[in-house]
Structure formats: C-alpha cells, structure tokens
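Protein chains in written order, with this note's numbering: chain A, 1 to 365; chain B, 1001 to 1257.
None of these hints come from the bench; they were simulated from the model. The reader is advised that the hints may include incorrect statements.
As the list claims (entries may be wrong) - Within a straight-line C-alpha distance of at most 25 Å, the following computed PhoX-like cross-link-like pairs (lysine-lysine) qualify:
| no. | chain 1 | residue 1 | chain 2 | residue 2 |
| --- | --- | --- | --- | --- |
| 1 | B | K1094 | A | K208 |
| 2 | A | K199 | B | K1094 |
| 3 | A | K209 | B | K1094 |
| 4 | A | K249 | A | K330 |
| 5 | B | K1016 | A | K208 |
| 6 | A | K208 | B | K1227 |
| 7 | B | K1197 | A | K208 |
| 8 | B | K1227 | A | K209 |
| 9 | A | K208 | B | K1202 |
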Amino acid sequence: MSELKLMKGNEALAEAAIRAGIDAYFGYPITPQSEVIEYLMTQRPEKRTGMIVLQAESEIAAINMVYGAASTGKRVMTSSSSPGISLKLEGISYLAGAELPAVIVNVVRGGPGLGTIQPSQADYFQSVKGGGHGDYKLYVLAPASVQEMSDFVEDAFNIAFKYRAPVLILSDGLIGQMMEKVYLKDQKERMVDEELIKKYGDWATTGKKDRERNIITSLDLQPEKMEARVHKLQKKYEQMEKEDLRFEKIQCDDAEYLIVAYGSSARIGQKAVELAREKGIKAGLLRPITLFPFPKQQLLELANQVKGVLSVELSAGQMIEDVQLAVQHKVPVKHFGRTGGIIHTPEEILEALEEHFLISANVLQ
Amino acid sequence: MDVLDIIKPENQVFCKTKLMTDASLSYCPGCGHGTAHNLTMEVLDEMGIVEDVIGVAPVGCSVLAYDFMNIDMTQAAHGRAPALATAISRLWPKKYVFTYQGDGDLAAIGTAETIHACNRGENIVIIFVNNGIYGMTGGQMAPTTLAGMQTSTSPYGREIETMGSPLKITELVANLPGVYYATRHAVHTHKHARKAKKAIRKAFENTRLKKGLSFVEIVSNCNSGWKMNPLESNDWMVENMFPYFPLGDIKVNGKLK
C-alpha cells in the first residue's frame, strides 16, 4: 500500500523521513531546501512518530547535533544547500572518522561563495572527493525525481547503518523545488530504545549498563592505530564499490554516442537521447545513481562500444574527471554544462554532442 | 591495628574514585583537571546514575577525558559539545547528559553552541574548566586570558585595546532564561573542591528534576601554560584570576544572585 501525492522534492524527502521512522532531524534554513524543515515543523512529527525536529543556530550546530544523535545509535538526518554544506564538512569528516551512521542531504545551488539560489551540480567534487579533511569518502546517492527524493531516504539509512558511515543524498534546486507525483511508502515504526540498545549496544553511547563503556571518537594519537582506522574506512569503501553501486543505462545497447549525467541533468539528458534518436543519431545515457561508488567498469565497457562520451552536468566540468579516469582514453570525452543557475535544455545537450563528435568528425572526413 | 587490618575494605577511609579508570592522567602534575574529573565521577557514582550518564568530551587538554572517566562518552569537534549534548538529551530525555569543556572550546570557537544550548534551556550539565589559556596547543591566548597576561600569542601581554577583554561567559549565559543554575568554583584546596563537588551534585540533581541547563565553571590553574610551578600557579590564580572571575553562585534556581 502506498499513497499517491503531488509534492515538491523537498517535501517528499521530509515526508519520507517521517515515514521511514527516523528519530531526528536537525537543520538550518537555506534556499533552496528550506521546505524540508518547514514541512517537518508543519507536520508535528513529534506527535506523529516521536521524531525530534529542531532548528539549530547554524549548519555547524546542526551537523554536530547529528553527530551527537548518531553516536547514540539513533537514525538522524540533516539537510542544507551548498554554502551550508561547506559549513557542515568538518562535522561530516568527524562522522566518517568516528564511524557514525547519518544521512546528509545537499539540495545544491550555484557557487562558489554565496553564488546563486538557482539549481546547480557544482558540488560534485565536494561530495565525492571527500570534501572535508582526511581520508574519507561518502556514499553518494543522486536522485533524479521527486519519487527518488522520497525513496532514497530509506535507502540512505540502510547504507548508513550497513557500513556505520555517513551517506549523502546529492540533490539540486531543480529536483528539490519541482512538483511531481510521488508514491509515498507506509509509515514505519521508530525503533524503541530497548531494541536500539540491543542492536547497537556494542558501540553506541547509550549509558554504560550491563557492559563495558562505549566511546565514540575519531582521535587516535598513536600513528599505527590511526593508520588502522584509515585502513578500516578504506575497506568499507571497497565493499561499497563491490556491493552497493547503483546506475541506470538508457538505450545503451546500440549506442554510438554516450551521455553520462546524474540527477537533474540525467532527466534532461534522457530527452536529449530521444531527440538524437529522432535525428538518427544513436545516443545512449549512462546515469550514475551513486556518484561514489562510480560506475567505472560500466563506463569502460561502453567506451569500447561508442565513438564519444559527453559528460553533462550543471557545472563547469567536475564529474568529467571521473568519466575520463574510467574511460582510460579509449574514446574522446567532452564536457557540457551550463552554470550560474542556468539549466541546460535537451536541445543544447544534443547540439553539444553533435558539435563535439559529429560535425568535427565530418570535417575530418 | 596492623597493616593487614588497615587495608581491609571496611577500614578504608578513602579509595580511588570508582568511576575513574586506571589510565594515568595525561594532565600536567598540579593541574586542576584531575580533581575536576574526580569530583564529577564521584558525584555520578554517589547518585547511582552511571547507567544513565552520557558524557561529551571537548577538544583541548581534556580531549581524552573519555580515557579517564569510566562512562559512555562521545568526543566532540572543537567547541561543539553543547550541540551534541542537545541532541543526545532531546533523544534520551531520561539520561543525564553533560559536557566537559575548557575555555577555548566553550568560550571562543564554541560560543554560539554554548549560548544557544543555554538559551534553549537544554536539560544538560556543562562543566567548564577555565584556566585562562590554551593548554593543549601550548599556551596561546584564550578568551579568558587576563588583561596584561603573557601567552605565546600575546607575548607582550594581552592588550585590551586590540585583543578585547577577558570574557566572563558564565555571567553572560546566566542572564539567559534557559539557564537554571550558574556557579563558579575552584578545586585547588580541599575546601574549594568540596564546594565544587556540591555544585556539580546540584547541577546533576537539576537534570534529574528537568530544570534546564546547569553551568558549573571551575577556575583552574595551568602551571605549564602559565610557566610556573604548581604552587606558584595556585597562588597566582588566587591573586589574579579570582578577582576577575569571583567564586560563588551567579544564578541559583533560576534566579540571579
């Protein structure tokens, strides 16, 4: 049983958080994601499920509230937009270092600096290359629809608790603000404290009862111990690559040209593939659903099949570095993307594809 | 009474604080942190609440508090302990949640978290050890460094004109409605330590009664940072720190003194 509603992406995410039975949300307003906390406050989740929602004094306080809640084994989430995520990065690094499960949502806007409140995908580097200090990675899910804004909340928590690691939902102002129909899942019960203590008692700081004390820290002053901690984290990331990679292939079977795009650009890219096919150009789309892990192997296989790869994102070209690494110079790789909050059209993508791979090829012939 | 009688448990008049681990303290000899740790753990033990205590350690000299306090503890990022404690207390309302922080952590980098946790009246205890200097990083100027006091980043003494005045954060937060109890103590003599312990006990009793935030400042020495021997540093503290940071209650049962 599920409920069909017309909702904004940000609202669908918030509603999904309540329905997933999560314990707490801590946030701070910032455009274009303020609807998340606004919706939560309107819904009185404390009455609906006992979920705690608190508006913190800053993004820094919010992520550290997340850290506190996560250290006690609770399911906890925060959301923000680009400049706010920059502020949260110290806390995110601590979450990774202390091996705590939590979900962070970035509804990306254009940058750098205060940038713009319009949609962007320019936080790719920050999201998948660590972002904060130290040797860590985030498991990054990139929703491309309001439905996925809703569905990925529970998926993100499952991964966060599977690995005891922070997970990032990397959305953008387009997905966050647009309205679509969404099938909402049924309400799940929140975990009661007794069950939580039983399940996570070997690490969570819930009070020292019938066991040795638990300590949550990311500090190891002995180099050997710190190195062991870093190696343990890298093992998790290897396992994520093996077990939890997600991607989608659209019309790739006979593709001669490949568009690689995630999130909102994947939606637009899919239309560009349709337009290309109408013109007789055999285009296909590879959509990474997880940005880390990245579908490297799938890209390499497609590189042996296609004549050119166009990496499309709402940025000056960030994901293209991972695409190039995966393709290993087997075919030309080009970037296309508008910035500054401008959203590229399917026609612009097709034009870029033709310009880079078809017109120049014709000229050479 | 022979030696064997003396060491019998029923004849012991004093024993090591039960909730302190056997790890040797990382603090300099003569530092007040060890006593402040002891007092806090004695209170938790005497109240019989160890199963329900969650502590938050700071960044600073007491970053390793969790090595010494035999309770469940989480180590916070620099200054953010009150944010962690807020979330823990909200999600575990029956637990006793406390932060243990120094002056750099609480009154400089963590000022916003401190003030807002106090203003929301979170049902937590903040134990604030103020020694007027950054101990762990090697004796730099703190927000509570006294006027004219020499540190490695105020080598010619703290100049009020350019570096501001030492921050009386306890007085500042005491003015917030969410703070139920604000008090300032010291631990350099038995008499002072006993008083400080009473204050810590009162703070945790306030948590039990869900009265809101209790803020216990402990003015301490930092003989290494102040570049004195422990006895000199205690004397210096009495002569210089106490006049600016006077000991005693600032707010009790929600009423300013």
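Numbers of unmet hints, in rising order: Hints 6, 8 contradicted; others consistent.
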